[in-house]
Amino acid sequence: MLSQRFTNAVRMSVISIMEQGFTLAAKSQTPPVAPPVTDACKFQSGDVVAYIDMQNLHHFLKENCRVPATQVHLPNLIHEFAAANNFKLKELRFYTGIHDATREPHKHEAMAKRIRWLERNKCKVVALPLSYYSDKGSGEIRAQEKGVDVRMSSEILRDVNDGLQRALVISQDKDISQAIKVATEMAAVRNVNFRAYSPRLEGATWEHNRLCGMHGIEFTTTIPFHVDLPRKHLRSFDDAGKAVGDPIEPGATTSA
Numbered sequence: 374m375l376s377q378r379f380t381n382a383v384r385m386s387v388i389s390i391m392e393q394g395f396t397l398a399a400k401s402q403t404p405p406v407a408p409p410v411t412d413a414c415k416f417q418s419g420d421v422v423a424y425i426d427m428q429n430l431h432h433f434l435k436e437n438c439r440v441p442a443t444q445v446h447l448p449n450l451i452h453e454f455a456a457a458n459n460f461k462l463k464e465l466r467f468y469t470g471i472h473d474a475t476r477e478p479h480k481h482e483a484m485a486k487r488i489r490w491l492e493r494n495k496c497k498v499v500a501l502p503l504s505y506y507s508d509k510g511s512g513e514i515r516a517q518e519k520g521v522d523v524r525m526s527s528e529i530l531r532d533v534n535d536g537l538q539r540a541l542v543i544s545q546d547k548d549i550s551q552a553i554k555v556a557t558e559m560a561a562v563r564n565v566n567f568r569a570y571s572p573r574l575e576g577a578t579w580e581h582n583r584l585c586g587m588h589g590i591e592f593t594t595t596i597p598f599h600v601d602l603p604r605k606h607l608r609s610f611d612d613a614g615k616a617v618g619d620p621i622e623p624g625a626t627t628s629a
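Note that our numbering numbers the sequence shown so that position 104 is 477, with each residue one more than the last.
Hints in this document: simulated from the structure, not taken from any laboratory. In this text, all values refer to a predicted model and were calculated from it rather than measured experimentally. You may find that some hints are simply not true.
Across the chosen pairs, the derived CB separations fall in these ranges [to be verified]:
| hint | residue 1 | residue 2 | range |
| --- | --- | --- | --- |
| 1 | K554 | Q417 | 18 to 26 Å |
| 2 | R604 | R493 | 20 to 28 Å |
| 3 | S609 | V565 | 26 to 34 Å |
| 4 | H432 | E453 | 14 to 22 Å |
| 5 | E558 | H432 | 36 to 44 Å |
| 6 | N564 | G510 | 47 to 55 Å |
| 7 | K463 | K486 | 24 to 32 Å |
All C-beta atoms, glycine included, are put in the ideal place defined by N, C-alpha and C.
Take the sequences, apply the hints, and build the full model.
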């Protein structure tokens with residue numbers, strides 16, 4: 374069952390999107406009689422945007438494909454996966470948590486370097502601060518992602534409101550399906566057919582893979598993701614452990 378928190382967050386996102394539209398309409402004094410379609414919508418009918426929960430993708434690759442995500446060229450992997458299913462991606466968006474720079478400076482910098490690397494590979498990254506809490510049993514301070522699913526859902530809704538008709542969604546969070554359902558209904562009101570796609574694992578023969586996102590997301594069309602595909606996109610590293618052939622970070626002599 375969907376959490377009430379998530380359902381309310383999706384509802385508030387829809388209200389916020391609609392209120393923004395009403396506000397802009399009210400401020401417009403003399404709108405053109407027939408504005409060009411390109412001015413009315415941010416997206417064209419053939420555009421596809423990929424929405425990727427980075428932590429979920431890491432689990433998917435580790436548990437299902439037996440490949441550490443940190444060794445995979447994720448943008449190339451996602452682009453080939455999309456191309457194999459006749460999609461040309463307009464944009465890749467990664468959503469992730471990031472450690473507090475004061476509490477965990479080394480982990481923060483490691484994640485920051487990965488984010489910069491993705492951005493140099495022409496990806497958009499949405500990084501939200503991790504939430505810290507005290508474990509009731511051990512008393513240890515632990516970190517967890519907070520709000521990534523809601524942020525991803527909100528951006529899907531916003532983009533559908535801006536004319537997006539196709540989305541590739543990579544996540545294991547079942548609550549995302551609610552946003553996809555709402556997005557489909559929003560588009561249908563305007564006689565637009567919005568369709569979301571999610572990966573369906575193929576080719577895995579081992580057991581005990583914890584079912585990490587194997588069967589796709591509800592309310593999406595599932596498309597095959599072969600278990601061996603990530604191995605085609607393993608990054609090369611030199612003897613010092615530096616990645617070879619990646620874009621160089623400005624001001625640096627080696628890539629992150």
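Take the C-beta atom of H432 and the C-beta atom of E453, compute their distance, and say whether it sits inside 14 to 22 Å.
-> With a Cβ separation near 20 Å, H432 and E453 satisfy 14 to 22 Å, so the hint holds.
Do the Cβ positions of R604 and R493 conform to the proposed distance bound of 20 to 28 Å?
-> For R604 and R493 the Cβ distance comes to about 23 Å; the hint holds.
18 to 26 Å as the expected CB spacing between Q417 and K554, which holds or is violated = 24 Å Cβ-Cβ, so the 18 to 26 Å window holds.
Take a look at whether the Cβ-Cβ distance between E558 and H432 falls inside 36 to 44 Å.
-> violated, 30 Å
Cβ distance range 24 to 32 Å for K463 and K486, holds or violated | holds, 26 Å
Given a hinted range of 26 to 34 Å, is it respected by the beta-carbon distance of S609 and V565?
-> violated, 43 Å
For N564 and G510, compare the CB-CB distance with the range 47 to 55 Å and indicate the outcome.
-> The hint (47 to 55 Å, Cβ to Cβ) holds, given that N564 and G510 are roughly 54 Å apart.
In this structure, the hints that do not hold are numbers 3, 5, in rising order.
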